[in-house]
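Q: Since the structure of chain A is provided, determine the placement of chain Z on it from the hints.
Number of protein chains: 2
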Amino acid sequence: MSDASDRISMDQAKRKRPLFVGIDVGGTNIKVGLVDDSGRTLAFDNTPSEVPAGPQAAVERMAAKIDELVAKCGAEKGDIAQVGLATPGTMDIAAGMLLHPHNLPGWEEFAIRDRLSEVCGLPVSYNNDANAAAYGEYWVGRGREYKSMVLLTLGTGVGGGIIIDGEVLDGEHSHGAECGHLIIDYQDDARVCPCGQPGHLEGYASATAVVARACEALETGAKSTLKESFDGGVAITAKMIYDHALAGDQFSLNVIADTALYLAVGITTLLHVIDPDAVVLGGAMDFGGDDCKLGRRFIEQIREQVRKRAFPVLAEKTVIDFASLGGDAGYLGAAGIARAEYLKKA
Amino acid sequence: MSDASDRISMDQAKRKRPLFVGIDVGGTNIKVGLVDDSGRTLAFDNTPSEVPAGPQAAVERMAAKIDELVAKCGAEKGDIAQVGLATPGTMDIAAGMLLHPHNLPGWEEFAIRDRLSEVCGLPVSYNNDANAAAYGEYWVGRGREYKSMVLLTLGTGVGGGIIIDGEVLDGEHSHGAECGHLIIDYQDDARVCPCGQPGHLEGYASATAVVARACEALETGAKSTLKESFDGGVAITAKMIYDHALAGDQFSLNVIADTALYLAVGITTLLHVIDPDAVVLGGAMDFGGDDCKLGRRFIEQIREQVRKRAFPVLAEKTVIDFASLGGDAGYLGAAGIARAEYLKKA
Chain A
-18 MSDASDRISM DQAKRKRPLF VGIDVGGTNI KVGLVDDSGR TLAFDNTPSE VPAGPQAAVE
42 RMAAKIDELV AKCGAEKGDI AQVGLATPGT MDIAAGMLLH PHNLPGWEEF AIRDRLSEVC
102 GLPVSYNNDA NAAAYGEYWV GRGREYKSMV LLTLGTGVGG GIIIDGEVLD GEHSHGAECG
162 HLIIDYQDDA RVCPCGQPGH LEGYASATAV VARACEALET GAKSTLKESF DGGVAITAKM
222 IYDHALAGDQ FSLNVIADTA LYLAVGITTL LHVIDPDAVV LGGAMDFGGD DCKLGRRFIE
282 QIREQVRKRA FPVLAEKTVI DFASLGGDAG YLGAAGIARA EYLKKA
Chain Z
-18 MSDASDRISM DQAKRKRPLF VGIDVGGTNI KVGLVDDSGR TLAFDNTPSE VPAGPQAAVE
42 RMAAKIDELV AKCGAEKGDI AQVGLATPGT MDIAAGMLLH PHNLPGWEEF AIRDRLSEVC
102 GLPVSYNNDA NAAAYGEYWV GRGREYKSMV LLTLGTGVGG GIIIDGEVLD GEHSHGAECG
162 HLIIDYQDDA RVCPCGQPGH LEGYASATAV VARACEALET GAKSTLKESF DGGVAITAKM
222 IYDHALAGDQ FSLNVIADTA LYLAVGITTL LHVIDPDAVV LGGAMDFGGD DCKLGRRFIE
282 QIREQVRKRA FPVLAEKTVI DFASLGGDAG YLGAAGIARA EYLKKA
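Heads up: the sequence lines are chains A and Z, in that order. Here the first sequence is numbered in the working numbering, starting from -18 and rising by one per residue. Here the second sequence is numbered in the working numbering, starting from -18 and rising by one per residue.
It is possible that some hints are incorrect.
Treat identical chains as interchangeable: a pair holds within one or across any two.
[Said to hold, decoys possible] With a straight-line Cα cutoff of 20 angstroms, these simulated EDC-like cross-link-like pairs (lysine to aspartate or glutamate) come out:
{"hint": "1", "residue 1": "Lys289", "residue 2": "Asp169"}
{"hint": "2", "residue 1": "Lys325", "residue 2": "Glu31"}
{"hint": "3", "residue 1": "Lys298", "residue 2": "Asp73"}
{"hint": "4", "residue 1": "Lys128", "residue 2": "Asp146"}
{"hint": "5", "residue 1": "Lys325", "residue 2": "Glu148"}
{"hint": "6", "residue 1": "Lys325", "residue 2": "Glu89"}
{"hint": "7", "residue 1": "Lys58", "residue 2": "Glu31"}
{"hint": "8", "residue 1": "Lys326", "residue 2": "Asp146"}
{"hint": "9", "residue 1": "Lys289", "residue 2": "Asp239"}
{"hint": "10", "residue 1": "Lys325", "residue 2": "Asp146"}
{"hint": "11", "residue 1": "Lys289", "residue 2": "Asp170"}
{"hint": "12", "residue 1": "Lys274", "residue 2": "Asp146"}
{"hint": "13", "residue 1": "Lys128", "residue 2": "Asp73"}
{"hint": "14", "residue 1": "Lys326", "residue 2": "Asp95"}
{"hint": "15", "residue 1": "Lys220", "residue 2": "Glu31"}
No lab work stands behind these hints, which were simulated from the structure alone.
So here's chain A without its partners, still in its complex pose (with noise of 0.2 angstroms):
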């Protein structure tokens, strides 16, 4: 008696809040999260990507993570109804494919996808990890409130996640929103972006490229408090720019405000083509984001650029602020984009 009323209760359970799994594969870490209906993390770990070890070996300790993280909070495999992949590209996300990840080299053409199936026992969902992210803060960050939303990624690059109608933009040849390469400078003295093409967003407003605009202009002789260690021959770093922007050095500041305008002509493209309810920035490159009075004023001079440019209309209603989920954007997105299929099915 006592058993079989157990068992309808975990039935119902099981009902009301399928679980997802989601992993954000990266050059150094696997993160595996296991997660609830509503977008709760209920355990999570990393694994190391070993990516010298292989795609094969990494996706066998993406599914003993798995295996670790149920036993961890007590619930059953069978709870998790599809498991969510992302990863770096280049991929062919509808068949499930590595191609040639820069990031993971050794991994070229993989069918990571049905590798993992095959190896969890589960169906698996499979993205780019910047649509993860985006999908992340779409569905549980602060893309919550809104239909559609564009996430920027600002860091090494300047990597994009374009959600419509609750729809992740993948392109048909698996390069969609891919935002660092729309082009904002159509002149043959464009800066050339590290893909080699000349002229796109990338190049301008990655960390690289405030580090290469903040160095040429020393080496023509700008002042600033970076000179003395620019001229004894200390890397500068894109955190070097941000502590002296914030010690008041009005040379990093203009920096710093030159990569909003950068920003600000790309976001005003992504107004006019997609026209989303908000485009939010993520990334480690957010000058102290929410938390820092440097952040809040980037931000602004962002927005404010993008009145400059933008239909008023456009300017005016679309939201335009920093992400919320930091790092875990990207696995929460990629257990959102297993739950978005499983419903579809369901």
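A: Just chain Z now, with coordinates in the frame of chain A:
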């Protein structure tokens, strides 16, 4: 007996192919087409917009034209499943409202979708004219083989429409796919768009901008067979630039090549943000299109410039070509959008 079998065969015909009406409202004429389920036009006519007579009178003329077309091809009004209506903006697509359409003075803040539905007694879908044209090309035109497509229309301005996986990108504030207003030059000295903002594609690549660029260069002494007309006070037109380019005038050829460059920059941004199967160019300013060696050279110049700026895989795989429906794209697309809404309800 024969009555009954007639009735059955008519019912079957109805089930097999409901009809749709597509209406494309312009500043001069309103195009109305009766279109079958496969996108074939059964009957078509214009009715004058008579803008000063106001929108209610226009809606009544549209309804009368629907009745006329139905009678003309021996159909019944009951065969029509849904009407699609496309107008220029600004608008609130979801609410079915015209807001402030620059081309339709006096039609402000008019609930055109519901007014038309009341008068014609049929459900009405509503969208932007450029979005409708894109849907037309996607449904039965140059984009018919593809899942995702961008249309750029080159005329007095530069318009755009984006279809992703069969869905029109309306935007959250009815400003999706304003591709003429993506930014190609962030700099302070960028050309100013007719919308008043700097650096937008439309400020470089519309027919108006092509003429303005040519006149600026002629003013400052550029050599051209256009010079005599220009110095004589003749107003230069895009058609004249086309004619002189066809006759071999290098200056006019350069003006067109620059236009191809600006468009390629905008198209590259669209490839990196949307990653569609195809980008299709419509509108009057196609330099002769596929039927003219100048048009074929123009599209090849665009492709070449995209290859210089886009990810190689996208430059290689994305189709860039002229649209195929000409001025019919708008009403056909309006009918297609009506059909898509009808199928979602069914």
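Q: State for each hint whether it applies.
A: Verification of the hints:
no. : hint            : result
1   : Lys289 - Asp169 : between (25 angstroms within a copy, 11 angstroms between copies)
2   : Lys325 - Glu31  : neither (34 angstroms within a copy, 47 angstroms between copies)
3   : Lys298 - Asp73  : between (35 angstroms within a copy, 14 angstroms between copies)
4   : Lys128 - Asp146 : both (5 angstroms within a copy, 17 angstroms between copies)
5   : Lys325 - Glu148 : both (12 angstroms within a copy, 17 angstroms between copies)
6   : Lys325 - Glu89  : neither (30 angstroms within a copy, 41 angstroms between copies)
7   : Lys58 - Glu31   : neither (25 angstroms within a copy, 68 angstroms between copies)
8   : Lys326 - Asp146 : both (18 angstroms within a copy, 18 angstroms between copies)
9   : Lys289 - Asp239 : within (14 angstroms within a copy, 26 angstroms between copies)
10  : Lys325 - Asp146 : both (14 angstroms within a copy, 16 angstroms between copies)
11  : Lys289 - Asp170 : between (24 angstroms within a copy, 14 angstroms between copies)
12  : Lys274 - Asp146 : neither (33 angstroms within a copy, 42 angstroms between copies)
13  : Lys128 - Asp73  : between (26 angstroms within a copy, 16 angstroms between copies)
14  : Lys326 - Asp95  : within (18 angstroms within a copy, 35 angstroms between copies)
15  : Lys220 - Glu31  : neither (28 angstroms within a copy, 63 angstroms between copies)
Of the numbered hints listed earlier, those contradicted by the structure are 2, 6, 7, 12 and 15.
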